[in-house]
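Engineer: One-letter residues, chain by chain:
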Amino acid sequence: DVKVTQSSRYLVKRTGEKVFLECVQDMDHENMFWYRQDPGLGLRLIYFSYDVKMKEKGDIPEGYSVSREKKERFSLILESASTNQTSMYLCASSSIQGSQPQHFGDGTRLSIL
Amino acid sequence: QKEVEQDPGPLSVPEGAIVSLNCTYSNSAFQYFMWYRQYSRKGPELLMYTYSSGNKEDGRFTAQVDKSSKYISLFIRDSQPSDSATYLCAMRAGGYQKVTFGTGTKLQVIP
Numbered sequence: 001d002v003k004v005t006q007s008s009r010y011l012v013k014r015t016g017e018k019v020f021l022e023c024v025q026d027m028d029h030e031n032m033f034w035y036r037q038d039p040g041l042g043l044r045l046i047y048f049s050y051d052v053k054m055k056e057k058g059d060i061p062e063g064y065s066v067s068r069e070k071k072e073r074f075s076l077i078l079e080s081a082s083t084n085q086t087s088m089y090l091c092a093s094s095s096i097q098g099s100q101p102q103h104f105g106d107g108t109r110l111s112i113l
Numbered sequence: 001q002k003e004v005e006q007d008p009g010p011l012s013v014p015e016g017a018i019v020s021l022n023c024t025y026s027n028s029a030f031q032y033f034m035w036y037r038q039y040s041r042k043g044p045e046l047l048m049y050t051y052s053s054g055n056k057e058d059g060r061f062t063a064q065v066d067k068s069s070k071y072i073s074l075f076i077r078d079s080q081p082s083d084s085a086t087y088l089c090a091m092r093a094g095g096y097q098k099v100t101f102g103t104g105t106k107l108q109v110i111p
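Chains A and B are the protein sequences, given in the same order.
Just so you know, we're using this note's numbering here: the first sequence kicks off at 1 and counts up by one.
Just so you know, we're using this note's numbering here: the second sequence kicks off at 1 and counts up by one.
Check each hint, because a few of them may be wrong.
[As the list claims (entries may be wrong)] Only part of the chain B face toward chain A is listed, based on derived beta-carbon distances under 7 Å:
| no. | residue |
| --- | --- |
| 1 | M34 |
| 2 | L46 |
| 3 | F75 |
| 4 | T103 |
[What the hints assert, rightly or not] In the BS3-like style, the derived pairs of lysine-lysine whose C-alpha atoms are separated by at most 30 Å in a straight line are:
| no. | chain 1 | residue 1 | chain 2 | residue 2 |
| --- | --- | --- | --- | --- |
| 5 | A | K71 | A | K55 |
| 6 | A | K71 | B | K67 |
| 7 | B | K56 | A | K18 |
| 8 | A | K55 | B | K98 |
| 9 | B | K67 | B | K2 |
| 10 | B | K67 | B | K56 |
| 11 | B | K42 | A | K57 |
| 12 | B | K56 | A | K3 |
| 13 | B | K2 | A | K55 |
| 14 | A | K70 | A | K13 |
| 15 | A | K53 | A | K18 |
| 16 | A | K53 | A | K70 |
Read the hints as simulated data drawn from the structure, not as lab findings.
In this text, a Cβ means the ideal position worked out from N, Cα and C, and glycines have one as well.
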């Protein structure tokens, strides 16, 4: 089974802090994704990466950056956290082989006070 | 207009009922179709994954794709209280990894 692990289930930070969300997958997947999920808006793609050190902007990249130094790890960085970044953050991964679907972690519920 | 439309519900059904969940979409390039189940405070879990039109069955779940109508469905037979969750449809074009998600339908199966 695919295992996508997000380092924190719940996180509380203050406005202006730099926040790091970590994600690790154990299936040697090439693609990794970061989404945020908000009521009524569904899942929105923030960034994705199709290889080590490669990244592509998604639909809502403003205020975020990412890092992928190793194939299994994909980090999301909130450069200066703001209250409108309070959300559920979901990491996913997928293989490029055979057009495989994405598999998700359990999410990090982030609150910015 | 959103690329993918999904009724948010909530949908309440008695245990044992047949449940029908649906999504419509506007992008004719979509070729891969997925259904995810998401329990409260958990991440989405892949339920069904289909390519192009047709039906796919897995236990009590059947996924149906009608590309001519741009309409996909998930049927749950003999629904159980453990099926209570939010169901997300998702789809993407071929050769492209970006997935477009519906906003989810909340289902409650009442014992």
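Engineer: If a hint holds in the structure, say so; if it doesn't, say that too.
Structural biologist: The hints, checked one at a time:
1. M34: holds, 5 Å
2. L46: holds, 6 Å
3. F75: Where the cut-off is 7 Å and the nearest Cβ of chain A is about 19 Å from F75 (chain B), the hint is violated.
4. T103: For T103 (chain B), the interface hint holds, since the closest Cβ of chain A sits about 4 Å away, which is under 7 Å.
5. A:K71 to A:K55: holds, 12 Å
6. A:K71 to B:K67: violated, 36 Å
7. B:K56 to A:K18: Judged against 30 Å, a Cα distance of about 45 Å means the pair is violated.
8. A:K55 to B:K98: holds, 13 Å
9. B:K67 to B:K2: Status holds; Cα separation ~17 Å.
10. B:K67 to B:K56: holds, 14 Å
11. B:K42 to A:K57: holds, 25 Å
12. B:K56 to A:K3: Distance of about 25 Å is within 30 Å: holds.
13. B:K2 to A:K55: Distance of about 26 Å is within 30 Å: holds.
14. A:K70 to A:K13: holds, 26 Å
15. A:K53 to A:K18: Given that 30 Å is the threshold and the Cα spacing comes to 21 Å, the pair holds.
16. A:K53 to A:K70: Roughly 8 Å separates the two Cα atoms, so the pair holds.
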